[in-house]
Amino acid sequence: MSPAAGGFLDRVSGRVKLTGWLSLAAPLLAILFAAVITAVVLLITGNAPFATFALMAEYGVQPRSLVLTLNFATTYYLAGLAVAIGFRMNLFNIGVDGQYRLAALLAAAVGGTVALPGPLLIVVVVLVGVLVGALWAGIVGLLKATRGVSEVISSIMLNAIATGVGAWLLTPALLAVPVAGSNNIGTRPIPESAHFPGFALIPGTTVKVFGFIVVAILMGIAYHVLLTRTVFGFDLRATGRSESAAVASGVNVKKMVLATMLISGAVAGMVGMPQLLGASYSYSLDFPAGLGFTGIAIALLGRNHPVGIAVGALLWSFLDNSSNILDLEGIPKEIVIIMQGTIVLSVIVAYELVHRYRMAAEQRRVSRELTGGTGGSGGAGGTATPEGAVSR
Amino acid sequence: MREAAISIPTEVVAQPAVELEGITKRFPGVVANRDIRLMVRRGHVHAIVGENGAGKSTLMKILYGMQRPDEGVIKINGDPVAFRSPEGAITAGIGMVHQHFMLADNLTVLENVVLGSEPRKGGIAIDFRAARKKIKEISDAYGLGIEPDMLVEELGVGARQRVEILKVLFRGARILILDEPTAVLVPQEVEELFDNLRVLVGQGLTIIFISHKLDEVLSVADAITVIRRGETVAEVDPSAVTARQLAELMVGSELPSPETRDSTVTDVVALSVEGLTVRAPDGRAAVDQVAFTIHKGEVLGIAGVEGNGQAELVEAIMGMRPADGTIHLADADISSWSTLRRREGGIGYIPEDRHRHGLLLEAPLWENRILGHQTRRPNAKGPWIDRAGARGDTERIAREYDVRTPGIDVDAAALSGGNQQKLIVGREMSGDPVVLIASHPTRGVDVGAQAAIWDHLRAARADGLAVLLVSADLDELIGLSDTLKVILRGRIVADVDPSAVTPEQLGSAMTGAGEES
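One line per chain: the protein sequences are A and B, in this order.
For reference, each letter of the first sequence is one residue, going 1 to 392 in the UniProt record's numbering.
For reference, each letter of the second sequence is one residue, going 1 to 517 in the UniProt record's numbering.
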């Protein structure tokens, strides 16, 4: 039929909704499938699948692991949100990685040098991160809006540039000082008054849950409100669903590209904050890297839905943490990477299958209700031959 | 109204070329074809008529092997066949000429024709010499007048269609299916096509001709089958039936008419355009110094063969495309306004391609109600979307504009084309537009929806709406317009009085052959 109703890529990146039990069934089936694949790999490598899974589950629910799972998930969640904002508008912000690293570095440097009362310093540090992330992503948006440069290309290149700039800034001549008791170097530590307080949420461990988890939850709510309740969010989603229709409706797509990249970059600028303000208090050479790419996987898993991304972040984080036991038992923990990869792939396949099923079901329902309702009144226009939709 | 110009069925043939018995095809929720019976004699032009969505295209896809019937038997020259793909149909001597041409513009006729069935020389090289000779032979034998070495982009619409016909003849087709072949042609080209078809059937070929243009069907067909709502409702002899009877068989009820004769034109200018020029990417003027004025209560029709600048003109007025010249909305110069501001200023827009420009297909109806009106009540309050307001107003549109849907939460993609269009018309009529830009407002919608849309346009016009109507449907243009202008290669070449012009005269003006009336 005529131009397809939303392409496959739209569905992959979650601009198409799934409703009811299907939205749950698809990811659950995918995870089950991923577990089967992982089990096969374990069998091939001579390990007992069930014993391995049991080991991971047992280790994963220990109090310390649970806290770490929540903490990792906080970071992953922000990364997922940053990517998802772009996805909702058909923008693939691969550059979250460079954005958050540069943002965290500069924010840490400011936090270590500026003398301000504690809570105010926290606000300043976060603001610097947000600003740096937004500006770094803004370059991508500007290039796309003015010169038509693909955001995928420019943001990948800016990742590499961010790595270079970061390496240059993090030298003793500029921002770095030696980290006490190691040969590591990092920015000056943020004073204790500006540490983001954590919660002793889970009994049985001294490790605290990042206080930033509250900020992450608030960001999720803000994301949802922005997208579904505001005119800006409507324009953003409309542009993602059909750029031509958005243009005809009066949306200035170039402005939207720039605004969306700025927002995505701003959220990316927060990705390093839980770690910076809740655990390491300085940006050193061993600051976590690659979170931007984890964010892409998690946004895909969560279909860009705020709750979905949360579930994806928790799952991912749980697998990361519970796999730490495997090395001790002589099982390669890389098995978990296989599992994570399979989950992403199978979730995408499952969403696609469910989507097709849902489209056909909706068309059936519409035509059934119409033919039932009008009772063969013979009037033209009564038959609903769905247009622009998938039949077959 | 006119007797059929029956071509020369040379022989009385015992064996029909195509026989369909009890063909049934179901799609999810819809029976596209129900117990279809059809017998096409060899050497006949057999017309299949029915309104949009009646199931003609599905039936032809079945015959051409693109879809498989759920029930029923297909016989070609008396032998039952079951095609799994179009290749099977081609082998059996069936060829299909699609409504939309499938030609590569930057290749020659020869290259286009051999594409996919290249004659080989020594197993590897394409034997262009043999192909050229064969094309010449076919072209001469059937009087198609095709020059194999012309570039397709240099050919007119009529010639392109003959290339399409030649393509299927080249593959050995003896039974040709023509899907709405006249949709893209002006009346003169239609006559030429019909002459070609008469030569083809005169030489023993069989043609199945799908159309909903009844005058044309009556002038060319030897037999007519009427399809309504997926069923064969009548087999008629073209010499024994009038266009009106045929139309009533097709629709199954009284016919709508686009006539509006009581003038509601005022002398208040609603939209005026001066010296509007739109440049195509190659620097050519797609719209060239166009000027017109539309008054309140006036429908200004733009007639023209598609691709003569209508789309660019409309998009320039909507601010979607950069243009030189000035556009005034009432007294305000809106030339530098954004699309959003023009829409907020009271310009409604029914786009030519509802899927590309009019709808978010995979969004629910109520979100589609917001599209294009996202800054205004009842859809928004300041920066916030007013969900309740938008939903309520979507219910109103569905009710007032008879959008047949089980609810406003279904996706736009689940509605039929006519209902999608009614939603768009309802949306664009909401919020008190001053000017409506209506591009092909009833294209691809069924007769019922068409009549409803015309009624809405007429009512709005009576209330003082100014309408710019761009259409390819000459009856619609003549019937609805108060003023008619003809566009050719981006220029307004003629002003026509819609109350005095016939579709034929308008057709001549559209090709530049006619004189101003």
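Everything labelled a hint here was simulated from the structure, so no lab data went into it.
Watch out, some of these pointers could steer you wrong.
Claimed, not checked - Subject to a maximum C-alpha distance of 35 Å in a straight line, what follows is the list of computed DSBU-like cross-link-like pairs (lysine-lysine):
1. A:Lys255 with B:Lys136
2. B:Lys485 with B:Lys296
3. B:Lys213 with B:Lys75
4. B:Lys136 with B:Lys213
5. B:Lys121 with B:Lys136
6. A:Lys254 with B:Lys381
Stated by the list, open to error - Counterexamples of contact, computed for chain B against chain A with all Cβ distances above 10 Å:
7. Gly22
8. Arg160
9. Arg171
10. Leu185
11. Gly202
12. Val236
13. Thr277
14. Pro498
The beta-carbon is built from N, C-alpha and C at its ideal position, and this holds for glycine as well.
**Request:** Just pull the numbers of the violated hints for me, sorted ascending.
**Result:** 1
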